[in-house]
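A.B. asks: So the chains spell out like this:
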Amino acid sequence: MQKSWRHRFHLPAVIGTIPMILVAVGVFVIGIGFSVLWSFTSSKLFPTYDFVGLAQYRRLWADNRWLVSVNNIWFFGLMSITCNMVFGYLLAVFMDQRIRQEDLFRSIFLYPFAMSLIVTGLVWQWVLDPNLGLQAALRNWGWSSFSFAPLVDADTALYALVFAGIWQGSGVAMAILLAGLRGVDEEIWKAARVDGIPTWRTHLSIVAPMMKGAFATAFVLQCVSVVRVYDLVIAMTGGGPGIATSMPAVYVIQLITVRQNVGQGMAAATMMLLPVLVVLAFGGILTWRRNRQREAGA
Amino acid sequence: MTAGQITEIQPAQQAPNQAGVAPFGPKPRRISAGRIGIYAFLIVAALFFLIPVYIMIVTSLKGMPEIRLGHLFNLPGEPTFQPWADAWLHACTGRDCFGLSPGFYNSVKITLPSVAISIICASINGYALTFWPYKGANLLFGLLVFGAFVPYQVVIYPLIIGLSSVGLFASLPGIIIVHTIFGMPILTLLFRNFYAAIPVELFKAARVDGAGFWRIFFYIMLPMSVPITVVAVILQVTGIWNDFLFGIVFAGRSNWPMTVQLNNIVNTTTGVREYNVNMAATILTAAVPLLIYFISGRWFVRGIAAGAVKG
Amino acid sequence: TDLEVIHWWTSKGESAAVSQFAKAFDNDGHGDKWVDSAIALGETARSTVMQRVLGGDPPGAAQFNPGRQYEELISGGKLLDLTDIATAGKWDEVIRPKAIGSACLVDGHWWCVPVNIHSNYWAWYSKPVFEKAGVPEPKSLADFIAAAPKIKEAGLIPFAIGGDGNGWQIQLLFQDMVTEALGVAKRDEMYTKKSAEIAGGPEMKGVFTQLRALKQFTDNGYANRNWNDTTNLVITGKAGLQVMGDWARGEFAAAGMTGVKDFGCMIGLNEAKPVVSTDGDIIVFFKQGNADVEAAQKRLAALLISPEVQVAFNNAKGSMPVRGDVDMSTADPCMQKSLKAVEDPSNVVTATNWFITENTTQQINELVGQFFADDSVTADDATAKFATIIGNSD
Amino acid sequence: MAQNGTSVSIQDLSLSFGVVTVLQTLNLDVAEGEFIVLLGPSGCGKSTLLNCIAGLLDVSEGSIFIKGKNVTWEEPKDRGIGMVFQSYALYPQMTVEKNLSFGLRVAGTPKDEIAKRIARAAEILQIEPLLQRKPAALSGGQRQRVAIGRALVRDVDVFLFDEPLSNLDAKLRAELRVEIKLLHRRLQNTMIYVTHDQIEAMTLADRIAVMKGGVIQQLDAPQTIYNRPVNRFVAGFLGSPAMNFIDGQTEAGASAAFKTGNVSIPLDRYAFDTAGNSSGPCVFGIRPEHVAFGEAANAMPFAIDAAVEIVEPMGSDTLVWTKLGGQNFSFRVEAEKTLRNGEPIRIGFDPARASLFDSQSGNRM
Amino acid sequence: MAQNGTSVSIQDLSLSFGVVTVLQTLNLDVAEGEFIVLLGPSGCGKSTLLNCIAGLLDVSEGSIFIKGKNVTWEEPKDRGIGMVFQSYALYPQMTVEKNLSFGLRVAGTPKDEIAKRIARAAEILQIEPLLQRKPAALSGGQRQRVAIGRALVRDVDVFLFDEPLSNLDAKLRAELRVEIKLLHRRLQNTMIYVTHDQIEAMTLADRIAVMKGGVIQQLDAPQTIYNRPVNRFVAGFLGSPAMNFIDGQTEAGASAAFKTGNVSIPLDRYAFDTAGNSSGPCVFGIRPEHVAFGEAANAMPFAIDAAVEIVEPMGSDTLVWTKLGGQNFSFRVEAEKTLRNGEPIRIGFDPARASLFDSQSGNRM
Ligand SMILES: Nc1ncnc2c1ncn2[C@@H]1O[C@H](COP(=O)(O)OP(=O)(O)OP(=O)(O)O)[C@@H](O)[C@H]1O
Ligand SMILES: Nc1ncnc2c1ncn2[C@@H]1O[C@H](COP(=O)(O)OP(=O)(O)OP(=O)(O)O)[C@@H](O)[C@H]1O
Ligand SMILES: [Mg+2]
Ligand SMILES: [Mg+2]
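In order, the protein sequence lines correspond to chains C, S, H, R and U.
Each step along the first sequence adds one to the number in this note's numbering, with nothing skipped, and position 206 is 206.
Each step along the second sequence adds one to the number in this note's numbering, with nothing skipped, and position 2 is 2.
Each step along the third sequence adds one to the number in this note's numbering, with nothing skipped, and position 67 is 67.
Each step along the fourth sequence adds one to the number in this note's numbering, with nothing skipped, and position 33 is 33.
Each step along the fifth sequence adds one to the number in this note's numbering, with nothing skipped, and position 84 is 84.
No lab work stands behind these hints: they were computed from the structure.
The beta-carbon is built from N, C-alpha and C at its ideal position, and this holds for glycine as well.
Incorrect hints may have been included.
Stated by the list, open to error - Quick list of in silico lysine to any residue cross-link-like pairs, SDA-like style, CA-CA up to 20 Å:
#1 H/Lys33 / S/Ser254
#2 U/Lys337 / U/Met314
#3 H/Lys150 / H/Leu172
#4 H/Lys33 / S/Arg253
#5 U/Lys181 / R/Ser87
Unchecked claim - Ranges of calculated distance between the beta carbons of each label pair, as one might list FRET restraints:
#6 U/Asn70 / C/Asp96: 50 to 60 Å
#7 U/Asn70 / S/Pro199: 40 to 50 Å
#8 S/Pro199 / C/Trp288: 20 to 30 Å
As the list claims (entries may be wrong) - A few chain H residues facing chain C, derived, Cβ under 10 Å:
#9 Thr44
#10 Ser47
#11 Val53
#12 Leu73
#13 Gly163
#14 Asp164
#15 Asn220
#16 Ala223
#17 Arg225
#18 Ala331
#19 Pro333
#20 Asn359
#21 Thr361
#22 Gln370
#23 Ala373
Using the sequences plus the hints, can you model the full thing?
C.D. replies: The structure is reproduced here in structure tokens:
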């Protein structure tokens, strides 16, 4: 019995994970704690500790730009995650057809992931620029009535962001889903063919539901990048035209660096954490309950 | 003689009016139509993905007057490599006009140790979490995963204060620590999933052989982690190489990475913009991650299959 | 002594100017060295500075815009007091107009060094365009708006503007228009008194109405265009007129064009009421807690404002020197216009960030940006909102 | 083609993946209602052949007839076949009922017709209580029945099974084997069944096709294959415990004999397949259960002394290892017999029950 | 504790994962040099028990002695055990030689000592030519030998095997079984061997511990367990084809009998375990190979008429299914016998060879 404790806290394991402990506790718990703390202060340029209660939150939610940002992130998130998944899945399906030059295609679909979002934003901004890009080029080639300038219009600029997001992110979705697709038992395909089920139907009703793991991974990755979407917006639209493409992350940075209102910036950042916290807690409870059930059932 | 041979004869005897039935040639149509569709889709998609590189390359070879004409997709009328030379050697950022080359070495200086250290940390984490879970380890892991969702900016302020209090702010070790911190959540997740798929028996066998925590890690697990390490390397190299925000804040003036210089060349508040130089500079900056990608893309997908799908 | 200076002068012309500072400092005979830290984009550079200060590792000196951006740095005791060398150099006498000096003179102490004056109050136009359209060259914004339809008929873009970087070109235009419409005195009153009455008055409504009109005369490619591409539209004769600060002159010069002959400049959007702004750049110095370094910092401060360095720097940069006792006879006609205007203090417009906080500025920017982008916001709405923002500003 | 009574006919079928030829001009005729088992080691092409019949693989050459119709290029669903897979390939997110009906629903069969067919299949397979469960909540045997049901509802002529029992434990395997046999008796469908388990093959098949390297080695009734294997491979593949093989030479002549070491086994009672007999290296094979021991050995045409090496009690009987001509040799005794290691014993057998194979070709002599 | 000659002694061992108790106050004594097989269905806790002995799992309660020393909280390497895993768990990136020497190198054994030990192990296992290969380049059987070698070089007292053969095909399994048996004979080490294959258990074990639900049901020599199972579970788990179970009642009295339907089997020859006999529902079990048929049946103490239902030829012999008292009943006949379905036959057996179990508790009566 005497060694039981040592077995439970195996010393080298604890030592080996000291970096993890430091990061998890030191950075993510304490750091975030401070950020939340500052959101209750009137910090301007530098963090201070004169507490003002919920004043910063009240100002935050009275700010039109924040409201627009929140709307935008939902729209952008839903659109880009759905599109990336669908497009990524399509690509994966086509890649899975024993095609020639698979390596080449895969490299092409994946390389945008290696490009920084700044570059992505700049290039697409340029392609979509009506005077220099696509529109000008097509008009120069004689299609003078051609009109395509999504970044100019407040109503369409967000779509352009989604579009660039797809360019950057669907390759990774493809890679993950392709791995998932290859993991599906080949006999399922055969069974479906024998049953006379059309291919698209097999994908929709049978295979896609079987790839939960791959979809979950892809989904989590996309969510991470959606929450953090900053570079892309800055490089492509700078939040404009007007405030049409402002996002919470952009908003937070603007508050901290330009508006020099750290308190309110931290309030906004805290608000950004909330949904993540809720989702994670929900997921945690789910797994915990599933474990409990499995233990009870065993 | 044998039964096997007898069966071979039978059908020949049974085969009826062979002349009457059309020879059952291959049934080719299903193949071609579908295949053409597949390739058409893939090629169109590939073109979509390639547009930006094409434009970057073409533009980087044009002169500014030609660019202003707006013939974005045209090949350069008078190709010139001047923009490339400018970008690498002459472009000014402030009063230094040495192009991107100095930043390149800084980026290497930052990226190599950051990648190595973050991967070592993450692999130890994943290993410990899988094979030596102590009480509370999974809670730590949960916090770490939560960290993956935290917008960087939220923790920048506390990090600045924390690092400066230990005297590492604005230094090479400082930026390396920061990259290690922010790489840890996803990498740990990857390694944990990967190790979870390794048979426990291997671990048990090593313990029976008398190996301890570190020896099992270095002699048994690490050599087996090549596929997932490749994924981690790719993720980290691209992430760290492309990073601008941390580099400018935490690296310190003398260690500014290439991206800071790229930013200086590409962006200016009141100065003149030279698109061709910008594009050349962009390509040069992206070259390292791209190269790594093209070299190890095949491994990337394989590693993802090993470490990500089971998520 | 090495001194790190953070600034956002990254383009070719700008870096030539900054080299003048560096050269002078490196050769001042004290073994000093200018360590150059250029970071593109003012916002990025400024936030880097702030983070460095927070991390306890501030640079020796940093570029700022005049205004309240560094107020908290002063109150936080982060900045080096330059009063002794300012007194020695008689800064309060040589720096003109007074406004630019007052940016650095807070509570009787000098906290920074102004290095140049940029005027935002300019409109640049293409003479060939107006010729082609058969309309006279404009003397005021109203003239231009009247002439614009003709230019449009001629198949050209009447008004050139760009929407990059959070729409700062539009903000600049807006502020120019506000000053033009209210006049310097009333404008200052609005901002200093936070007068919702003036801000909601008919002149402001006129400004918004004009702004909407200008929007109709621009092209749909404006969204992310940066200022020098916009200028290029005017240079190449594709567009008629651009409202932009005096740094645009560098672009015309680079294209081999000379004022009076190839392009026109309209001061203060109204030749009859010339105004210049005292926007420009200042340099702040951070306390280092090291006497040697602080001596070097003061040497640099004195150097920056010395007549020779001022001439060299501003000629390269295309801006006005901050002191009147230097010889600028080589300046071009447009510059001459502004040098003349700046002699009369009533023509000098103080930058908005001198009156209102960055937070309020951003709110105004957002309003204007949204108004410009979204045609469904009426001028009345916008005026009302503007009044609210001014009224509530802190 | 397809004279009456032929259900599946495969003619000169070849199939290659790239350069690898997996099936070589293979011919096979399956009679109406027959239960054919394809037996062979892993990788011999059994699944490939089955997939060709099902239409899941495109053949390189040759043709396939089902019920007299050339279906070589038909879609799987139009061939009148149903298939049961090793992993069962049930659709995991659908209930059993959905699994059964999915194919019918896609084909647009009327609702009440679907219900009727499911009811019938569920009754035959006794899975009525499971209809609302998901596959994950079923035991291996139940899953297997659902997989069969999926073929059943489609009312097919030919059932194809691809190692349907190999994922199960021994006990369940034995039970389901009986069930499949009974099902076949009830339905009287043609069944083609792939396995590499010889017990399954022996118990289920009307005829077994033993395959190796994409070629059918022998196609015959189970007992024929067991007792008169056409080559050494077939002889060794069937039977557990495995047949004893002794290397040696035949000696031709009036009284032919097999010689190994100092042992000589007379072959006058052996029925040669090959015309005449000749001297030369060959392999002598005899199954452990055909070896007599003790008293009984002396009654055999051939008997010899030996010593016990290892005794392996297997419950119902015991396998004893000894040496014959210096080579390992096993025989089966009743479980009751107790033998000690090293104990001298006498063993014997009837060479008429043996098999003789050419050393080179491995063919039966 | 630990009287002399006891190699491994497990006392009141309990283990739970969270709320699930996997092992319950388990006791087991293994003699020096004994070959113990832990046999039981999947999930019964065999591997868990083995891992406890190896020190790879922390026990909840109880203690473990090896060679008289309490090792309950020792590190695995200090227990004098070697372990062979189902998947072999060879270190994939090391050559065979490195695999063998890893444990020794960890322990800091001198180089020449390592070389000597490897040479010896390699010789015993005949893997000398493989020493420079990586595991991926080995066949299943070779891998298994390397895995054994890893324990061998460490010169351990106790060998632990966790289903070392279950990944292999039947043929190889049979061969390696013999090899392990020979190895044990040569080394005379204590061996604890986990399997769920009853043939392996029967052929290898000195004593078998049949486990179910974390409890040892019976610990005895193979033949005892086979012939006198202590409960219905053990009876059903051992034997292939499985024992026939017939539900019915005992009738107490001077001439006790077992009744089911209209069949009555006299039990006067049956040796009751339980004191006296009583009436009540019970299960009658008899193994298929203990049933005689045809002429021989009439010589048996009990005989009855029946009809053939299914014939399962299995090569070496044939399993025939019939009904007894309306319940399925199988018996084994020689392969030569040909029986048709429905054919009337006579079967008989000796009730002394039967087993009788209480219906409720399942215990032997
Ligand atoms: N898609 C393919 N491409 C190339 N070779 C293949 C392919 N599918 C099968 N093969 C090869 O064809 C041969 C026969 O495969 P098949 O699956 O028919 O074997 P099998 O007899 O069913 O074996 P098992 O008992 O293991 O299922 C094997 O050697 C296999 O490697
Ligand atoms: N780490 C664990 N956490 C919870 N339950 C476990 C754990 N390991 C094993 N179990 C449970 O303990 C029981 C016994 O497992 P064990 O692996 O010992 O079975 P086994 O007899 O070896 O089976 P098999 O023949 O399948 O290997 C099983 O019900 C299993 O689900
Ligand atoms: Mg197969
Ligand atoms: Mg186990």
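A.B. asks: Can you confirm whether the C-alpha distance between lysine 150 of chain H and leucine 172 of chain H stays at or below 20 Å?
C.D. replies: With Cα atoms ~25 Å apart, lysine 150 of chain H and leucine 172 of chain H exceed 20 Å; violated.
A.B. asks: Lying within 50 to 60 Å: is that true of the beta-carbon distance asparagine 70 of chain U to aspartate 96 of chain C?
C.D. replies: Since asparagine 70 of chain U and aspartate 96 of chain C have Cβ atoms about 58 Å apart, the given range 50 to 60 Å holds.
A.B. asks: Hint check: is the beta carbon of aspartate 164 of chain H less than 10 Å from a beta carbon of chain C?
C.D. replies: Constraint on aspartate 164 of chain H satisfied, holds at 6 Å.
A.B. asks: Verify the proposed pairing of lysine 33 of chain H with arginine 253 of chain S, using a straight-line Cα cut of 20 Å.
C.D. replies: Within the cut-off at roughly 15 Å; holds.
A.B. asks: Answer holds if the nearest beta-carbon of chain C is closer than 10 Å to that of threonine 361 of chain H; otherwise answer violated.
C.D. replies: holds, 8 Å
A.B. asks: Holds or violated: are the alpha carbons of lysine 33 of chain H and serine 254 of chain S at most 20 Å from each other?
C.D. replies: holds, 15 Å
A.B. asks: Does glycine 163 of chain H pass the interface hint, meaning its C-beta sits closer than 10 Å to a C-beta of chain C?
C.D. replies: With Cβ-Cβ at 6 Å, under 10 Å, it holds.
A.B. asks: Per the CB criterion, is proline 333 of chain H less than 10 Å away from chain C?
C.D. replies: Proline 333 of chain H check fails; min Cβ-Cβ to chain C is 30 Å, beyond 10 Å.
A.B. asks: If you take the shortest Cβ to Cβ gap from alanine 373 of chain H to chain C, is it below 10 Å?
C.D. replies: With a minimum Cβ separation of about 4 Å from chain C (threshold 10 Å), the hint on alanine 373 of chain H holds.
A.B. asks: Holds or violated: is there a CB of chain C closer than 10 Å to the CB of alanine 331 of chain H?
C.D. replies: violated, 33 Å
A.B. asks: How about asparagine 359 of chain H: closest beta carbon in chain C under 10 Å, or not?
C.D. replies: holds, 5 Å
A.B. asks: Can we keep the asparagine 220 of chain H interface hint, with Cβ of chain C closer than 10 Å?
C.D. replies: Where the cut-off is 10 Å and the nearest Cβ of chain C is about 5 Å from asparagine 220 of chain H, the hint holds.
Hints 3, 5, 7, 18 and 19 from the earlier list are contradicted by this structure; the remaining hints agree with it.
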